[in-house]
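There are 2 protein chains.
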Amino acid sequence: MRDPKHPGNVRALPITQPAAAEPIAHGGNLDAARERFPGAPEPWIDLSTGINPAPFPIPALPTEIWSRLPTRAEEEALLAAAAIRYRVRNSEMIAAAPGAQALIQLLPRLFPKSSVEILGPTYEEHEACWMRQGHRVSVVEDLDRSDRADVVVVVNPNNPTGRIIPVSDLRTVARTLAKKNGLLVIDEAFIDVLPETASIVAELPPATIVLRSFGKAYGLAGLRLGFAIAEVSLATRIRAELGPWAVSVPALSIGKAALCDTRWLAGAVIRLESDRQRLDAMLQAAGFTVLGGTPLFRLARHCEATKIVENLGRHGIHVRSFSREAQWLRFGLPGDEQAWDRLAAALSK
Amino acid sequence: MRDPKHPGNVRALPITQPAAAEPIAHGGNLDAARERFPGAPEPWIDLSTGINPAPFPIPALPTEIWSRLPTRAEEEALLAAAAIRYRVRNSEMIAAAPGAQALIQLLPRLFPKSSVEILGPTYEEHEACWMRQGHRVSVVEDLDRSDRADVVVVVNPNNPTGRIIPVSDLRTVARTLAKKNGLLVIDEAFIDVLPETASIVAELPPATIVLRSFGKAYGLAGLRLGFAIAEVSLATRIRAELGPWAVSVPALSIGKAALCDTRWLAGAVIRLESDRQRLDAMLQAAGFTVLGGTPLFRLARHCEATKIVENLGRHGIHVRSFSREAQWLRFGLPGDEQAWDRLAAALSK
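Chains S and L supply the protein sequences, listed in that same order. Taking this note's numbering as reference, the numbering of the first sequence is continuous, increasing by one, and the terminal residue is 403. Taking this note's numbering as reference, the numbering of the second sequence is continuous, increasing by one, and the terminal residue is 403.
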């Protein structure tokens with residue numbers, strides 16, 4: 055355990071030093087926007103994430119959900135609801151975590167140092183997390199079938215572009231990877247509001263882990279709930295690595311109620327699709343080219359994007375910009391008529 | 055990445071197979087007790103954990119805490135409150151996690167394969183988690199100063215025995231470990247209700263990580279909140295490994311309110327000490343020898359412990375027994391007069 059470079063210092067202990075030390079920009083960090091535009095009107099409108107602005111209604115919560123430990127029966131009930139909702143044939147193929155991000159952090163720790171290809175540009179935490187654990191990571195623009203990678207990561211639909219990789223293409227990749235004991239990771243964080251056929255979960259190929267986010271489609275990101283879906287042996291391993299009581303009792307309880315409520319989700323999908331069209335029209339009227347996205351967020355290009363971020367900021371509206379693509383902006387959906395009006399007014403100035 | 059024993063199978067991928075596959079018994083799993091005693095009266099009284107039965111009152115929660123992502127400012131506010139509460143000089147020395155158990159799972163992944171000594175018998179998850187990550191683990195009965203171990207784990211006060219290791223002894227161990235780039239892990243999960251001088255946190259020695267549980271003293275185990283306290287570089291590393299949004303917004307919000315409320319905690323400590331004395335008297339009257347514990351739970355011995363578990367179970371009262379120590383039972387505190395009465399009645403039969 056001794057490291058001659060750091061004698062007598064606990065900092066010598068870590069073996070897996072972060073490879074990517076640069077902090078990642080995320081949506082949802084309204085504090086920074088507030089600091090940057092101190093004169094902006096309150097309340098801020100946060101359009102910087104892809105979270106459903108009309109959340110699943112929180113049921114009445116008995117006080118005991120805060121006080122006692124989660125029980126195994128509660129976790130099993132949540133997994134059973136998730137299995138039905140996601141069309142997974144066996145709930146033992148599912149692991150519940152305090153947010154899909156916790157699984158993105160975990161997966162790179164479970165596998166030997168590998169060559170990892172990430173289909174990008176995409177959600178940057180995948181790259182950062184595989185790099186942090188010492189894997190060799192490259193971001194590729196197309197699904198590579200040249201057999202180079204041990205691990206392939208696909209965000210489907212992609213964030214922020216919305217690109218959808220057909221399930222049949224993913225199956226081909228999974229087959230190739232399975233032959234060489236590789237692994238396909240499919241992050242389906244934004245797939246809930248697409249047709250069910252977009253998801254690979256119902257007929258999961260071998261050597262494949264699917265991640266599902268609960269908070270985005272159900273509008274409950276503060277709850278922290280996400281799932282990994284994989285063959286039973288791997289899902290069992292993930293559950294063991296997460297340990298007992300990984301998910302809070304409120305998340306187990308609200309998550310189960312929401313996942314069972316297919317009627318609510320159907321209504322949300324209709325509303326989101328309609329709002330998506332309204333947002334596209336508003337962006338186009340303001341001179342944007344809509345590049346893509348999902349019904350939960352839109353990616354749009356404008357040659358004066360930087361100025362527009364400034365202008366929206368002064369109006370108390372926070373959107374997501376991208377350091378590598380200065381003309382891109384990502385817009386979440388406004389949550390009420392007042393927010394729509396404020397966005398329209400700010401964009402017209 | 056190829057493993058000849060598992061050709062074409064993703065199960066070949068994991069490098070860190072669990073070493074300890076045996077499931078660990080925990081308190082709090084009322085489902086199993088209900089199944090074992092189907093005729094028992096409801097509601098069950100769960101005395102199998104060491105969680106304060108009079109929880110910190112949940113403040114009114116705005117609905118937006120469920121819907122949006124946790125902000126960095128909220129996390130920093132929680133860490134600042136934790137720094138004051140735990141007397142840590144710099145909040146950057148603290149990492150917040152969704153439960154102390156999540157940190158027990160994480161720590162063994164951060165260090166090279168080591169020789170680990172755990173002061174026991176104690177909370178079994180420490181042993182299981184270090185073993186799962188491939189470390190060489192031994193459980194020792196006394197703090198060993200013979201320089202054998204790279205990592206020493208002490209639960210202080212110990213669960214279930216309540217043994218308290220003086221801070222001065224822990225400093226000696228930390229010094230020895232620091233000299234060889236080792237690590238001392240001190241799990242202070244049950245320390246909140248003891249005098250502040252019992253904790254090593256206020257003057258943390260190098261090469262030391264302290265774990266604090268929020269849910270036990272504050273009676274909010276369902277919330278999932280715990281802390282690691284270490285020197286800044288190590289705490290920063292732990293925060294990076296936990297990733298963004300590790301703690302739910304309800305936990306950030308309720309946790310901060312509770313940690314700031316020193317008056318509530320002072321009242322809880324007085325009540326718990328009084329209830330602890332009442333429980334000791336009740337157990338002694340029923341023929342138990344009280345071996346120790348903390349004000350949150352009592353460890354007691356009875357030569358007919360197995361029969362007593364049966365009898366309590368038939369009365370709808372769940373306590374913690376130990377497979378390796380058949381005469382030991384651990385009792386949490388009853389939460390109200392009705393629970394005290396039912397316990398007294400059941401013990402007298």
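No lab work stands behind these hints, which were simulated from the structure alone. Bear in mind that the values here come from a model prediction, so they are computed numbers and not experimental data. A couple of the hints might just be wrong.
[What the hints assert, rightly or not] Stretch by stretch, here's where chain S covers chain L in the computed footprint (C-beta under 8 Å, at least three residues):
id, stretch
1, 98-106
2, 112-120
3, 153-164
4, 174-187
5, 300-307
6, 316-329
All C-beta atoms, glycine included, are put in the ideal place defined by N, C-alpha and C.
Do the hints match the structure? See the list:
With 3 residues having a Cβ less than 8 Å from any Cβ of chain S, the stretch 98-106 of chain L passes the three-residue criterion, so the hint holds. Given a C-beta distance limit of less than 8 Å, the hint that chain S covers the stretch 112-120 of chain L holds, as 5 residues qualify and 3 suffice. By the rule of at least three residues with a Cβ nearer than 8 Å to a Cβ of chain S, the coverage given for the stretch 153-164 of chain L holds, with 7 such residues. Taking a C-beta to C-beta cut-off of 8 Å, the stretch 174-187 of chain L contributes 3 residues in contact with chain S, enough for the three needed, and the coverage statement holds.
Residues of the stretch 300-307 of chain L with a Cβ under 8 Å from some Cβ of chain S number 6, which satisfies the need for three, so the listed coverage holds. Restraint check on the stretch 316-329 of chain L versus chain S: 0 residues with Cβ-Cβ distances below 8 Å, three needed, restraint violated.
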